[in-house]
Every structure is written in C-alpha cells, then in structure tokens.
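**Student:** The chain contents come next:
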Amino acid sequence: GAVVSQHPSWVICKSGTSVKIECRSLDFQATTMFWYRQFPKQSLMLMATSNEGSKATYEQGVEKDKFLINHASLTLSTLTVTSAHPEDSSFYICSAEPGAGVAALSYEQYFGPGTRLTVT
Amino acid sequence: EDQVTQSPEALRLQEGESSSLNCSYTVSGLRGLFWYRQDPGKGPEFLFTLYSAGEEKEKERLKATLTKKESFLHITAPKPEDSATYLCAVQAVNYKLSFGAGTTVTVRA
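Sequence lines, in order, name chains A and B. Counting in the numbering used here, the first sequence runs from 1 upward without gaps. Counting in the numbering used here, the second sequence runs from 1 upward without gaps.
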C-alpha cells in the first residue's frame, strides 16, 4: 500500500515552453501533497505544499507564477513549470501524506519516483 | 529554523562490516523523524518513522534509534544491496519535512 506515482518519469523540453508533471496517490487519499526539487548530489528542497481544494503554499524563494500547482482531487496534484529555462532542469519529486484511514495515524509521507526535467 | 545535519557524508564499508549513521536535528515541535533510502535517479523510499526519544525500530539489517537531539541508523552486517543514500528528515508541527544532506553508503563485496 501507500504508492505514489509520477508522470512523466523524464521529459526534455525547449526553453520557453511549459511542462506539466502529475503526481497521483494510487491506493490512498491525500489531502496534502508536497513538491520537492533535488539538484545533483544535493538533498530534497521543499518547493510547495499542495492542499486539495485550496491554493498551494509556496516556500520562500519559489516563484508561484512559474511553478503552478493544482491539487484537483484527493489523489492528484499537478506541477506546471511555465516558461521553462535551463536553470529549471532538475529532479522533481512529489510526496503525499494519507489523509484518512489507518495510514493517516502515522504521519508518514510517501514519495513518488521523481521526474527528471531537462530544459534545452 | 529547523535544521538537520547528517554525518558522515559518505561511508564505504566492506560487506559484513557494521556501522552507524548519525542525524542531528533541531526542530520547533517534533512531529516525527523519518529515515528514507534513495537510490540514484529514484524517489526516496520510506524506512522508518520515530516519534519520541527512546524509540527504536528495526527492519532487516537496519535499526533506527532516537534521542532528543539525534537519531542513529545502524546497519548490521551490510550487503552490497544496502548501498544507497540514506536521508534523515524531521517533520515539524506544520507538517513540513526538512531533510538532511544524506549519507551515501557504499558496501563492497
């Protein structure tokens, strides 16, 4: 149980275009999802917290107009990188915390497999 | 500000050579301390959650312990398949996870 998927697993796009990354909780409902970015040989940095039915909360230094987050349902959150530039190339990872049921008692966050974005 | 410091940065072990990884933390209101394993190009894989000082959890060759200021991940008789980066994270009452930089473990056969 507690499986999180991401799509696509990797994407290459041209500078100036937009890219959408999906994050799905497959076997549980997640009222809260998180988006992280990880640069090579560095740890995960939280970008934003996504709450179902409300606006995302962005960390300091993260441009909300560039990284659009939509938490449309209890199992799906999307991150859209708008007008991507080479410096946006990174590994983007989402996580989800179960919002109901037995798993919700444990505070655990489950991570997706990540999406490798390369902007040329 | 919540801070997590992991040491050592890298650890090279011979198969069967037990060792420990350290995670020191400061957090305003600890909700939980998490250990994850991350393989190259993959997302973190959940290992343990510890909630209070004195708590211990085990899974195969791994054992995690927690005090009020730090956590240890003990690897007993490691095998090459235990090679990975091990991440420690603390979760504050605002639900956010703050990660350490990780310890990259390499186990040679």
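Please keep in mind that the hints were generated in silico from the structure rather than gathered at the bench. Warning: the hint list may mix true and false statements.
Label pairs and their calculated CB-CB ranges [what the hints assert, rightly or not]:
hint, chain 1, residue 1, chain 2, residue 2, range
1, A, GLN29, B, ASN94, 16 to 22 Å
2, B, GLY16, A, SER54, 37 to 43 Å
3, B, GLU70, A, SER18, 29 to 35 Å
4, A, THR118, B, SER28, 34 to 40 Å
5, B, GLY16, A, GLY61, 41 to 47 Å
Here are the simulated SDA-like cross-link-like pairs (lysine to any residue), alpha carbons at most 25 Å apart as the crow flies [to be verified]:
hint, chain 1, residue 1, chain 2, residue 2
6, B, LYS42, A, GLY53
7, A, LYS41, B, ASP2
8, B, LYS96, A, PRO113
9, A, LYS64, A, ASP27
10, B, LYS42, A, HIS7
11, A, LYS41, B, TYR51
12, B, LYS68, A, HIS7
13, A, LYS55, B, TYR95
14, A, LYS64, B, LEU11
15, A, LYS41, B, LEU11
16, B, LYS57, B, SER98
17, A, LYS41, B, GLU9
18, B, LYS63, A, PRO86
19, B, LYS42, A, SER54
20, A, LYS41, B, LYS68
21, B, LYS96, B, ARG61
22, B, LYS96, A, GLU108
23, A, LYS55, B, LEU11
24, B, LYS69, B, LYS42
25, A, LYS66, A, PRO86
26, B, LYS63, A, PHE91
27, A, LYS41, B, SER83
Glycine included, each C-beta is placed from N, C-alpha and C at the ideal position.
**Student:** Hint by hint, note whether the structure agrees.
**Tutor:** Taking the hints in turn, this is what the structure says about them:
no. : hint                              : verdict
1   : GLN29/A with ASN94/B: 16 to 22 Å  : 21 Å, holds
2   : GLY16/B with SER54/A: 37 to 43 Å  : 51 Å, violated
3   : GLU70/B with SER18/A: 29 to 35 Å  : 43 Å, violated
4   : THR118/A with SER28/B: 34 to 40 Å : 37 Å, holds
5   : GLY16/B with GLY61/A: 41 to 47 Å  : 45 Å, holds
6   : LYS42/B with GLY53/A              : 29 Å, violated
7   : LYS41/A with ASP2/B               : 21 Å, holds
8   : LYS96/B with PRO113/A             : 19 Å, holds
9   : LYS64/A with ASP27/A              : 29 Å, violated
10  : LYS42/B with HIS7/A               : 13 Å, holds
11  : LYS41/A with TYR51/B              : 28 Å, violated
12  : LYS68/B with HIS7/A               : 39 Å, violated
13  : LYS55/A with TYR95/B              : 16 Å, holds
14  : LYS64/A with LEU11/B              : 38 Å, violated
15  : LYS41/A with LEU11/B              : 15 Å, holds
16  : LYS57/B with SER98/B              : 21 Å, holds
17  : LYS41/A with GLU9/B               : 11 Å, holds
18  : LYS63/B with PRO86/A              : 41 Å, violated
19  : LYS42/B with SER54/A              : 29 Å, violated
20  : LYS41/A with LYS68/B              : 28 Å, violated
21  : LYS96/B with ARG61/B              : 28 Å, violated
22  : LYS96/B with GLU108/A             : 11 Å, holds
23  : LYS55/A with LEU11/B              : 42 Å, violated
24  : LYS69/B with LYS42/B              : 29 Å, violated
25  : LYS66/A with PRO86/A              : 14 Å, holds
26  : LYS63/B with PHE91/A              : 29 Å, violated
27  : LYS41/A with SER83/B              : 15 Å, holds
Consistency note: the structure conflicts with the earlier hints numbered 2, 3, 6, 9, 11, 12, 14, 18, 19, 20, 21, 23, 24, 26.
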